[in-house]
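Participant: Sequence:
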Amino acid sequence: MRGFPIVAWYQIGYDKREVDVFMERVRQWLDGEEGAQRVSVADVLTVLFSTRFRGYERGAVDRKIDRLVKEVYEREIDVASRDDTDAGEARTETALDQVASEFGTAGAVDEILRAMTENKE
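This note's numbering puts the sequence shown at residues 10 to 130.
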């Protein structure tokens, strides 16, 4: 997920190392790599990067973060549906339930994500 534009030497952008580490963590989670640390929608929505001269262009990183919100949300739904199927009748709290508890109802989360992606495309 690297390859963001780097700002001019006299401009400030996001710390490249911090962005790369976070993007790699998200990539591993989305790819379902064994041992990958879970990434939630809340993690993506609240991530903050330090700024540095010659860092990554902030707008490019922010646009990628916006797209990742939808991808991570879809991954959480997929994981939750597999968990529910595996659990059978005994329902446990799913990733969607966790996201909904952080940001409102599942329907509200859906509406927020839909609005975000419609405005960006």
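Worth double-checking, as some hints may not be accurate.
Unchecked claim - Here are the in silico distance ranges between beta carbons for each label pair:
| id | residue 1 | residue 2 | range |
| --- | --- | --- | --- |
| 1 | 15 | 88 | 32 to 38 Å |
| 2 | 12 | 91 | 30 to 36 Å |
| 3 | 90 | 17 | 44 to 50 Å |
| 4 | 68 | 36 | 18 to 24 Å |
| 5 | 88 | 59 | 19 to 25 Å |
| 6 | 88 | 60 | 32 to 38 Å |
| 7 | 40 | 71 | 21 to 27 Å |
| 8 | 18 | 68 | 26 to 32 Å |
| 9 | 20 | 41 | 32 to 38 Å |
| 10 | 12 | 46 | 30 to 36 Å |
| 11 | 39 | 68 | 19 to 25 Å |
| 12 | 61 | 33 | 48 to 54 Å |
| 13 | 91 | 21 | 18 to 24 Å |
Keep in mind the hints are simulated off the structure, nothing from the lab. Where is the CB? At the ideal position from N, CA and C, for every residue including glycine.
Participant: Determine for every hint whether it applies to the structure shown.
Facilitator: Going through the hints against the structure:
1. 15 to 88: 32 to 38 Å: holds, 34 Å
2. 12 to 91: 30 to 36 Å: holds, 31 Å
3. 90 to 17: 44 to 50 Å: holds, 46 Å
4. 68 to 36: 18 to 24 Å: holds, 21 Å
5. 88 to 59: 19 to 25 Å: violated, 30 Å
6. 88 to 60: 32 to 38 Å: holds, 33 Å
7. 40 to 71: 21 to 27 Å: Holds: the Cβ-Cβ distance is about 23 Å, inside 21 to 27 Å.
8. 18 to 68: 26 to 32 Å: Violated - the Cβ-Cβ distance for residue 18 and residue 68, about 18 Å, lies outside 26 to 32 Å.
9. 20 to 41: 32 to 38 Å: Because 37 Å falls inside the window, the suggested range holds.
10. 12 to 46: 30 to 36 Å: This hint is violated: roughly 22 Å between Cβ atoms.
11. 39 to 68: 19 to 25 Å: About 22 Å separates the Cβ atoms of residue 39 and residue 68, which means 19 to 25 Å holds.
12. 61 to 33: 48 to 54 Å: The hint (48 to 54 Å, Cβ to Cβ) is violated, given that residue 61 and residue 33 are roughly 18 Å apart.
13. 91 to 21: 18 to 24 Å: violated, 42 Å
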